[in-house]
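Residue numbers (the working numbering), protein chains in the order written: chain A, 7 to 526; chain B, -19 to 315; chain C, 18 to 381.
Quick caveat, the hints were computed from the structure, so don't treat them as lab data.
Not one of these hints is a red herring.
Each pair of labels, with its calculated beta carbon distance range:
#1 A:M222 - C:W238: 52 to 62 Å
#2 B:T65 - A:S353: 46 to 56 Å
#3 B:I147 - A:Q364: 53 to 63 Å
#4 B:I302 - A:A76: 37 to 47 Å
#5 A:A268 - B:E309: 40 to 50 Å
#6 A:R408 - C:R377: 29 to 39 Å
#7 C:M367 - B:E309: 13 to 23 Å
#8 A:F283 - C:W238: 34 to 44 Å
#9 B:W248 - A:G311: 35 to 45 Å
#10 C:L376 - A:F283: 46 to 56 Å
#11 C:I61 - A:A76: 48 to 58 Å
#12 A:A143 - B:E309: 33 to 43 Å
#13 A:R136 - B:L159: 28 to 38 Å
#14 C:T340 - B:L159: 43 to 53 Å
The structure displayed is predicted, hence computed values, not measured ones.
We treat Cβ as the ideally placed atom computed from N, Cα and C, and that holds for glycine.
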Amino acid sequence: MNATANKERPETAAPAIELRGISKAFGPVQANKDISIRVMPGTIHGIIGENGAGKSTLMSILYGFYKADAGEIFINGNKTEIPDSQAAIASGIGMVFQHFKLVPNFTVLENVVLGAEDGAMLRPTLAKARASLTEIAREYELHVDPDAIVEELSVGHQQRVEILKALYRQADILILDEPTGVLTPAEADQLFRILARLKEEGKTIILITHKLREIMEITDTVSVMRRGEMTATVKTSETSPEQLAELMVGRKVLLRVDKEAANPGETILVVKNLRQFDDQGVERLKGISLNLKAGEILGIAGVAGNGQSELLEVLGGYANATGEVTLKGNALPLSGSGANGRIRRESGIGHVPEDRQQEGLIMDFKAWENMAFGYHHAPEYQNGMLMDNAAIQKEALAKMERFDVRPPNPALNAKNFSGGNQQKIVVAREIENNPDVLLIGQPTRGVDIGAIEFIHQQIIQLRDEGKAILLVSVELDEIFSLSDRIAVMFDGQIMGERMPNETDEKELGLLMAGINEKAA
Amino acid sequence: MDFLTLIQVLDSTLRLATPLLLACLAGLYSERAGIFDIGLEGKMLVAAMFAGAVAAVSGNVWMGLLAGIAASMSLSALHGIASITFRGNQLISGVAINFLAAGMTVLVAQSWFGQGGRTPSLMGGGRFDGIELPFAIGPKDAALSDLSVTKLIEQAGPIQQVYSELISGHTILVYVALLCVPATWWLLFRTRFGLRLRAVGEAPEAVDTAGVSVVGLRFAAVAICGVLCGVAGAYLATGLQAGFVKDMTAGRGFIALAALIFAKWRPWYALSATLLFGLLQAIAVRFQNIEIGGFVIPVQFTESLPYILTVVILAGFVGKAIPPRAGGEPYVKEN
Amino acid sequence: MEKMPRWADVVLIPLISLLLAAFISALVIIAIGEDPIAAVKLMINGALGSTYGWGYTLYYATNFIFTGLAVAVAFHARMFNIGGEGQAMLGGLGVAIACLYIPWPHWTVALLAAIVMSGLLGAAWAAIPAYLQAKRGSHIVITTIMFNFIAAGLLNYVLVNVMRPAGSMDPASAKFPEPTHLPTLHDMLTPLGISFSKAAPANVSLFVALIACVLVWLLIWRMKLGYEIRAQGHSESAAKYAGINPTRIIIISMLISGGLAGAMAINNVMGEAERLVMNATEGAGFIGIAVALMGRNHPFGVVLAAVLFGFLYQGGAELALWTDIPRELIVVIQALVILFTGALDNMVRMPLERIFLALRKERN
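Hey, can you work out the whole structure from these sequences and the hints?
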């Protein structure tokens, strides 16, 4: 494999990567259908598509994680078989996964050499790697302490370790899967600078994302995937976000949701000075205070991992905290046996959690059992000492029909529904139990466009009925299109509140990075 | 208690700790690679049976040792197929292996020798003899003077007592087990194999994406576990005792497991833990009920102490034992 | 869509696993020079061919229903309770205390007291591992194994130093007094005009075990607590979200599990031996694992699997009596059943799923 820079390669050079007719099915699901793509050397090529469009599957095939059912792979013009990751690495491909593949209690150095050792003895390998890391750090401005323990590094630095791993293996082609999902806008900008630098040095980069902004900002060409198919490949300079969105979804999309202006009523939820420490003693919530009025949607923006999840858990009743939370003037317990998800529901707080598969649903329970989840103590579901399963089933069917859950079969296990329909089950359950306040986290994560529109409509309708809604989302688009008021969280604090029509993505982005210009 | 008694207790501690140490290190390899193994007991048991049987039939203890290792490794292979290839529950597989061993050993021994599920008593070349180190008092000295070895040691000075009774005179497997400790440390922390082995027990996805076979590493670890359990079992039947009897492991596999937790999955700690548990066994064998200041500690308590100590350790009252992160979980690729 | 129909999961897979176990057992029998078909005939004849055989089969099955239910209840909360053996030993101690030290007027009250005492001690023995798992994250599998050994030590101590009648060399308690003796199936069926072997140990505990099955079924599938146990077993994070307290569920499910294992003692200690001896449990706590796996953690399945293992136990004893096949053959079969229905489940499942998928594709 030729690892030299290919800056001077003429336009007629073979593509760094060419895929021809790649298909892959998982059981009955066709994840990739006859996909062909050419990526020229020394370019940044974006692959964009909705969740579940098949982007990650395609890249996993390229990295030897899955075996394609059909199709061919050419690297630098040579037909290449990639049966496993070893072969991918040997072909000069490096991959930075969305979820990092690092050994948490190893040092950076150990993580870098793992799998690429020079000999059976460790010491010479480590010494050599140390020298070459210094070299790489200088060349690409990628600085990380080689002796740091990985689990003690920030997320952004852990990502650098992943890139270092690829460069140490002399990768020419770097694939990054949703690399900015866990980064602040500032960290994302740093990453993009690193990528630009790598491109200058002649590396080929494939960037997988579902964020239009990133595609427009950094890529040279972009391919769009929809439902397992490659729908178009265009030069980034010759397209627009609107066109890409349309290609992604397959029809014209309204990037804004239609809604009337809010008509806020009385303040019903008051949060004062909420503090929380996690098991390791790290302070996750650092004195959160906010108010929520009836008939309004308060959107909480922020990069994932800045305390939003903890805020939802505390308000939802299943994580302890100190401070004060009052609902319609009544103080809610924040620790002890009263801090309990079920009791919190009884007092009028519904909760659509961020992660429906880990929290909102029991995947191996039937849909009807899930419809009572968290409400299973409700008197109407009881029959003496036993649960009244007939009543639960009857209500479940009615709710599934009202929320257009497909198929409307309460006897199916939750895991057998699509992501959008699973989310509808959760939303139906929480809305139909008529809460005063609805907590809703990442309402449309991994949900198809049709279900997104439906769920957004339900949220707005609930607001118009005079309920208070606390929306947490990492998608700024969603925050802008739904919220009547926006609060930004960073590092366990509220950085500021803005009205959606008086701010823009740039200002919110700075707040999300912990920079408050107005305060400064 | 006089000095010589102490030395004798320590001597028997070393003998009793040897199978524990070997099994504990066996478990260490397996669990460091992310495969829980509660089947140490069963593997030692089949090894003891086959070592005893083959040594008896062939009259050659080394053949017995090899047979023991082979038997133990075949159960390791079964555990590997169940928990690595078919991603089954490692604990359930371990339980099954223990019962398989408990049943098969008696079945095979009975149909082979017809002595009620035991193997014939071993003599001469069928057993591992003690190795007499230079200058130690041994059978040769006893033959020269008319006194027995025990008598000679009784008459010797304290240093010679320690040397002859405690350090010299063990079978080769005792010394091998002790050497396994630094060897394991070196292998784990100074070699490529060790780095990968530790990684696969912590984050198999990191190993996989680095282009190293998770399955291969885990099978290697499980195989090493099989070899060490095999040596441990063979020692029981051909070193510690002379032949196999039904259920002769008597829970040693579980004590080794306890020692492994006690040792926090580290080789040198494993040595200390197994020596401690060996000491408890030696005390229980020698003294039965112990009276301390009018208060009698029943022998059953001393025997149960390893288990009680493990529970205390597990409860985290004496430092927390954190097992390898990916332990017990079958590895499934995902993004 | 489900990968295969429910009946395949519930009936076909255990059946295939069982056949595999039986096939390998047959090979083992051939390997030690015996005839497997003759062996099966002998087992069937010995275990099911007479009311005497049935009496033993059902006696063993009663033990296994209790321990199988114990393992199954814990499994529903995703706890692997390997401690059934120790909990059953403690249950035996409870029965002995109830029967030896209180003069009961009639077996019915004695039985009730024995159920309570054995259940309580069994539950208590499960309580510490449960607490440590729930509060300190100590792995329940390891702690329950340790508690089996500690239970053996404790029982040994109690029998040798406390309960052994003066002058006796046998590490066993005194014989229980006459009013605590439970009616056997012979005693119960004779008034109905059905003749049943007088020598067989099956007794009224069998009906207690069956009642326990119904109660466990109601608990798991019809009560809020069971709903919470199952939810916790499937996903602890989801359970927390729904306001289910994991600590409480872990402890309660293990207490129920330990209580059921302990209650086994009314059969083997009170119903059969009528005194407490060392090793009264004879490994029944461990067989509960095989029974629960085979019975797919459902009380009905547990009953079927328990009867199957009762048959194997009695049949195995007959084999050992009349042939050169040692009793340990049952231990091997038990191991194979655990192996195939538990650890190698995927080996049977994956090809089956592929077959059903192919069948479905053909139909469409």
